[in-house]
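Below, each chain spelled out in residue letters.
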Amino acid sequence: MDVTEYIKLVFTDYTLRTITLGTAILGAVCGMLGSFAVLRKQSLLGDAISHAALPGITIAFLITGAKDSNILLLGALLSGLVGTFWIRGIISKTHLKSDTALGLILSLFFGFGMLLLTFIQKQPNANQAGLDKYLFGQAATLVESDVWLMAIVTSICLFVLLLFWKEFKILLFDADYTKTLGFNTKFIDILITTFIVLAIVLGLQTVGVVLMSAMLLAPAAAARQWTNRLGTMVIIAALFGAFSGVFGTAISASQNNLSTGPVIVIVAGFFVLISFIFSPSRGLLFKQIRFIKNRRDLQLHKTLSFMYHIAETHEDITHPHTIKILNNFQGYTKGTLQKLADKHYVTLSDGNWSLTEEGFKTASNLYNQQNDNNE
Amino acid sequence: MSSAQIEIQLIASVVAIACAIPGTFLVLRKMAMISDAISHSILPGIVIGFFITQDLNSPLLIFLAALTGIITVVLVEYIQKTGLVKEDTAIGLVFPTLFSIGVILIAKNANDVHLDVDAVLLGELAFAPFDRLLIAGADVGPKALWVIGSILIISVILLIAFFKELKVSTFDKGLAASLGFSPAIIHYGLMGVSSITTVGAFDAVGAILVVALMIAPAATAYLLTTNLKHMLIYAICFGVFSAISGYWLAHSLDASIAGSITTMLGLLFLAVYLFAPTKGVIAVMYREKQQRTEVSLLTFLLHLRNHTEERERHVNHLNEHINWQKVRSKTVLDLALKNNMIKFDKNIVSLTEKGNNFTSQAIDYIITNEDSKIEHMKEDFFLFRG
Chain A
1 MDVTEYIKLV FTDYTLRTIT LGTAILGAVC GMLGSFAVLR KQSLLGDAIS
51 HAALPGITIA FLITGAKDSN ILLLGALLSG LVGTFWIRGI ISKTHLKSDT
101 ALGLILSLFF GFGMLLLTFI QKQPNANQAG LDKYLFGQAA TLVESDVWLM
151 AIVTSICLFV LLLFWKEFKI LLFDADYTKT LGFNTKFIDI LITTFIVLAI
201 VLGLQTVGVV LMSAMLLAPA AAARQWTNRL GTMVIIAALF GAFSGVFGTA
251 ISASQNNLST GPVIVIVAGF FVLISFIFSP SRGLLFKQIR FIKNRRDLQL
301 HKTLSFMYHI AETHEDITHP HTIKILNNFQ GYTKGTLQKL ADKHYVTLSD
351 GNWSLTEEGF KTASNLYNQQ NDNNE
Chain B
1 MSSAQIEIQL IASVVAIACA IPGTFLVLRK MAMISDAISH SILPGIVIGF
51 FITQDLNSPL LIFLAALTGI ITVVLVEYIQ KTGLVKEDTA IGLVFPTLFS
101 IGVILIAKNA NDVHLDVDAV LLGELAFAPF DRLLIAGADV GPKALWVIGS
151 ILIISVILLI AFFKELKVST FDKGLAASLG FSPAIIHYGL MGVSSITTVG
201 AFDAVGAILV VALMIAPAAT AYLLTTNLKH MLIYAICFGV FSAISGYWLA
251 HSLDASIAGS ITTMLGLLFL AVYLFAPTKG VIAVMYREKQ QRTEVSLLTF
301 LLHLRNHTEE RERHVNHLNE HINWQKVRSK TVLDLALKNN MIKFDKNIVS
351 LTEKGNNFTS QAIDYIITNE DSKIEHMKED FFLFRG
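Note that the protein sequences, when read in sequence, are chains A and B.
Using the numbering used here, read the first sequence as starting at 1 and increasing by one per residue.
Using the numbering used here, read the second sequence as starting at 1 and increasing by one per residue.
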């Protein structure tokens with residue numbers, strides 16, 4: 001199946017269109033809210049919440065006895081919130097650290113959810129089949145109403161985000177200052193946390209409990225590498241998220257036996273890898289290049305200053321010296337000498353070098369801060 | 001009780017002990033989430049190991065999977081070192097990606113592999129007794145028991161041999177390094193033991209329960225004691241108790257054993273979290289309330305000392321002046337009266353000699369912040385114990 005054919009299929013095939021749209025919207029909203037989670041150093045909260053949502057789903061099912069995905073998601077939202085606030089309670093009231101609190105809530109809630117899930121599966125209720133899709137997610141079960149729900153929640157998120165943009169931003173970067181300005185920090189904090197929980201709960205059906213945290217983190221972590229502005233980061237993260245959804249769906253649709261969730265996560269992970277390596281200001285590649293360039297410049301300067309100290313002792317600064325005397329000097333290589341010659345700092349003539357006027361001037365000002373003509 | 005039931009409880013208890021030992025150190029070293037990461041990211045290692053050995057209990061598979069666990073730790077540390085993202089983000093990126101790779105590997109080879117993700121993640125303790133280890137044709141017990149038993153013995157030996165080193169490096173990295181223990185070796189040693197335990201236990205109890213068994217007993221124990229040896233012992237006891245009671249809960253509900261054990265751990269933690277004598281939520285809230293009252297008492301005593309006018313010391317005036325609610329002023333007055341610090345004279349409050357001394361000492365303490373001056377007051381007051 002080639003690309004144009006696939007794109008045509010996306011627009012004509014109901015299932016494929018729904019799934020593509022659903023995962024794209026999900027990726028976008030996760031990227032948006034994930035940016036806040038990453039910047040607030042709450043990256044693993046997503047992992048904990050997604051696991052903590054499981055008992056909510058099963059309890060909602062036990063109470064209603066029906067598999068209405070909206071009610072199940074409501075249950076997931078509630079138990080996710082209970083988990084989140086219990087984590088905060090543990091951190092603020094006891095001396096247990098945040099990692100322990102997260103791990104505790106994650107595993108205890110999930111285990112309790114599993115207990116209820118297996119309990120339900122033993123019940124003589126035909127409705128229960130398919131509850132376990134929330135564990136690993138099945139994008140294939142998305143229907144149009146789910147996508148509508150996602151779209152509505154996303155637009156609410158967007159609206160609230162724009163409405164409280166200033167407050168979110170200031171809370172993110174300087175919580176104490178926010179308090180002194182008279183903002184109700186507790187309210188803003190709860191608002192943003194609730195939306196993060198909401199985004200996670202939305203994704204459970206598609207990518208499942210285990211992989212949801214990556215869905216939240218990866219686009220934001222990738223976007224962080226490209227910009228230092230919050231607004232730009234949120235937009236880039238949303239784009240990364242949406243593209244991960246679309247590409248992930250495409251790859252899993254074109255192969256047999258590939259569930260969508262893991263593929264989306266791997267695509268998102270790929271975006272992160274690319275961003276880590278190729279981002280112009282923070283990326284590893286350019287950092288290494290800058291590092292090497294700086295080291296070369298330093299060597300050049302060292303050679304030049306060594307020459308300067310030799311030339312200083314002669315009345316005529318352009319007096320030629322043999323290249324051999326540079327040999328036991330560390331910064332010297334043929335390359336650096338040639339480079340200096342290219343810059344007209346030295347002239348070379350059969351085994352001898354001599355400083356030019358310009359070279360002498362540069363060398364004497366080398367460690368002078370006022371000379372801003374850096375190499 | 002049938003022999004299978006006894007064996008299940010035995011396996012569960014041994015797993016609980018084996019997990020509690022590294023778990024205690026993970027909790028103390030603030031690396032609890034690493035155990036979650038390891039338990040997920042060993043999946044590709046297990047799958048690849050399974051392709052090679054076709055046996056879930058083979059030592060090679062355990063070794064490969066443990067290697068994946070260590071690779072996870074190294075990857076997380078590498079990403080963190082680049083400074084591009086924070087540590088928690090690095091953890092959150094690495095393990096879902098590795099887990100996804102594992103899931104896809106399983107899905108692509110679904111026909112040849114006798115392994116599914118549910119089993120890895122959730123485990124099924126109920127089937128563990130059916131997989132017997134045969135030595136020279138003789139049945140010597142369930143395989144899982146032998147696997148996790150040998151892991152337990154190894155970690156106990158390591159624990160006893162390196163207890164001092166572990167203790168020092170956990171509480172004071174700098175001191176450990178200056179004494180000549182390499183923190184890196186201890187760190188990776190602990191990570192290795194955690195990985196191997198996770199792999200050895202996941203088959204019987206599933207990845208999530210491994211995390212619960214590592215973190216929950218240690219965290220519960222940490223709320224009760226600050227002594228490392230006691231913490232280890234408590235953690236082991238909590239683990240074993242939950243393992244056995246969880247089994248019977250599952251038995252009566254006909255539900256997942258792993259889930260029930262986790263639920264028991266959760267209930268245990270909840271009880272300790274609420275009722276622990278000094279660090280439980282109720283104790284903390286009580287202490288905070290006491291401290292508030294005592295701060296009010298100090299303010300009140302200072303007020304009395306600073307004002308000689310009768311108008312300022314009239315009982316009715318206190319409410320409006322220090323702006324306390326009625327209830328609070330009554331508690332404060334009662335507390336002060338009980339300690340003989342004030343006396344009433346026709347609704348006019350004045351300090352007794354004891355109250356006067358106390359106030360001077362308190363001021364001294366607030367100004368100089370020297371502990372020695374208030375040693376004897378600690379008996380009566382929470383405030384100065386902080």
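By construction, these hints were calculated from the structure, which means they are not laboratory data.
The structure presented is a predicted model; accordingly, all values stated were derived computationally and were not measured.
From the three backbone atoms N, C-alpha and C, an ideal C-beta is built for every residue, glycine too.
Fair warning: there could be bad hints in the mix.
Cβ-to-Cβ under 8 Å is the rule here; a few derived chain B residues that face chain A [claimed, not checked]:
| # | residue |
| --- | --- |
| 1 | His40 |
| 2 | Lys81 |
| 3 | Gly92 |
| 4 | Leu224 |
| 5 | Pro277 |
Exercise for the section: Taking the numbered hints from earlier one at a time, note which ones the structure violates and give those numbers from smallest to largest. Expected result: 2, 4, 5
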